[in-house]
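**Student:** Given the sequences, and given the hints that come with them, work out the whole structure.
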Amino acid sequence: MNAKHVSCDMVRRQLSMLLYGELTFDEEEAVEAHLESCAGCRRALEQEQNLHAAFDQAEIEPAASALWESRQNLQARIAAEQAASRRAGWWDQFVDALTLRLPSGSPAWMKTAGALALVTLGFFGARLTPGTGFTGMSLATPDAQRVRSVEPAANGGVQIVLDETRHRVVSGNLDDQNIRVLLLSAAKEASDPGLRYETVGILNDRAQADEVRDTLIYALEHDENAGVRLKAMDGLRPFVQHPEVRKALAGVLLSDGNPGMRTQAIDLLTEGVDESNANRGPDMLDRDIIGTLQELMSIESNAYVRQRGEHVLQLVNASRETY
Amino acid sequence: MNHGAASLAQRTGLPVDEKALIQAAQEGDQDAFGQLVRAYDQSVLRLAMNLLRSQEDAQDVYQEAFLRVYRNLKNFRFDCSFHTWLYRIVTNLCLDQMRKKKVRKEESTQVEAADGPLDRMDTFQESRVEGDPERGLLSGELRERIQSALSGLTARERMVFELRHYQGLKLRNIGEILGTSEEAAKNCLFRATQKMRVALGDFV
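Protein sequences appear in the order of chains A and B.
With my numbering, letter number 113 in the first sequence gets 113, and the count goes up by one each step, no holes.
With my numbering, letter number 88 in the second sequence gets 411, and the count goes up by one each step, no holes.
Bear in mind the hints are in silico, worked out from the structure with no lab data behind them.
Don't be surprised by glycine CBs; every beta carbon is placed ideally from N, CA and C.
Coverage of chain A stretches by chain B, computed from C-beta distances (three or more under 8 Å per stretch; other residues unrestricted): (1) 48 to 55; (2) 62 to 68; (3) 74 to 83; (4) 189 to 195.
**Tutor:** Below you can see the structure in the form of structure tokens.
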């Protein structure tokens, strides 16, 4: 494309590819040169940018719970396949060959010989098959090794270079300090939201411990995934009277971007506030929370959250906003 | 794969060389396979969800794709990247599903509500939000128009658009995944954006 001869029509056809970074160097040069001198095409570019921005907002992010569920199902399917393939392993095939697949007219002595062969193989096989102490490569072995090179060594031996993918498997009770440290770290730092969701779910059962509660509060306040934040909120539910939990929930009310989270926070912070206690007025709720709700009313733009907040303020005979 | 506390150490560890991981998985190392799945499964689920607009269908594609990987990993010869190979499987499954849906005329413009905590909120967002620009939420009307415009694309146009716009893949890579040339993928993307522009032109 030549910058001097490029038409508005040609440029406008290229705008989307320009935004995707899919033009060749020369094409991009020509389009940009044209844009510098053409206000109409610059407006068209702006419109194209708006269109792309609208596309961005229509993207669906799967729920963390959907990812977690998919992984669980996959794990189950693979385990079932493994079990099936073990059943159809060499031993079964051998048994089939010796017995079931014999033609129906086969003489009885062949079946007897087959049975005898099975007993004999079973006897010797039991002595030759490695026991549970076998440490070679297996499906359950955490460390995978691959021979990269083999060289004869000077002393008549051999030098083998292995590529290793080394993992460490740690097992233990949730009350084990080492396990807990790993869980606390995974809940905060893992890049995978499915893993954080799962970890927070495990930790929820131990939220009576201060360090676990602190981690759940951290997840509630900082995790970028709403599913993980909601899971953390579930774990903190029994501790809603603790000042640090109330403070975190108040923070959710004022700064969490997800209206579902804000609604849940209202429900938790105002547990017990209902029509049956309405005669108690403001005593039903501590002043800080009333203040937070009033502050929320001044900034909340979601109609449903506003309605919930207003309902609570009405029940405790408080004004809708601070003055 | 082990999803219990026991496997958390390895799952939070440093990333290991992908080739070594694939080779280990090829030799039957279940943990290596699990790590491979976790490295890619979020984007696989997101792609399937965006293309099929149904959590159930997307989860079916997820299962089938990774089961195929599991069954055929031994035959993977590193002729292309693992990502390209996996995406070939996923895109083929999605294209099949999209064509079936088109035939049955069952495609919905709404994302299904599903069980689970986040979904409660997704449903909430879908149904309750009434314009909240500060919080980056999209008006229901525009969302519907985009869904409707997307459903007007052919399955291949839709695929190329999703892979380029939402997955951020380059057209060369998209061509490789879909078994076509970069030029053909570019033409497909051009047609897709053209149709979307016509459908949404007065809206943005």
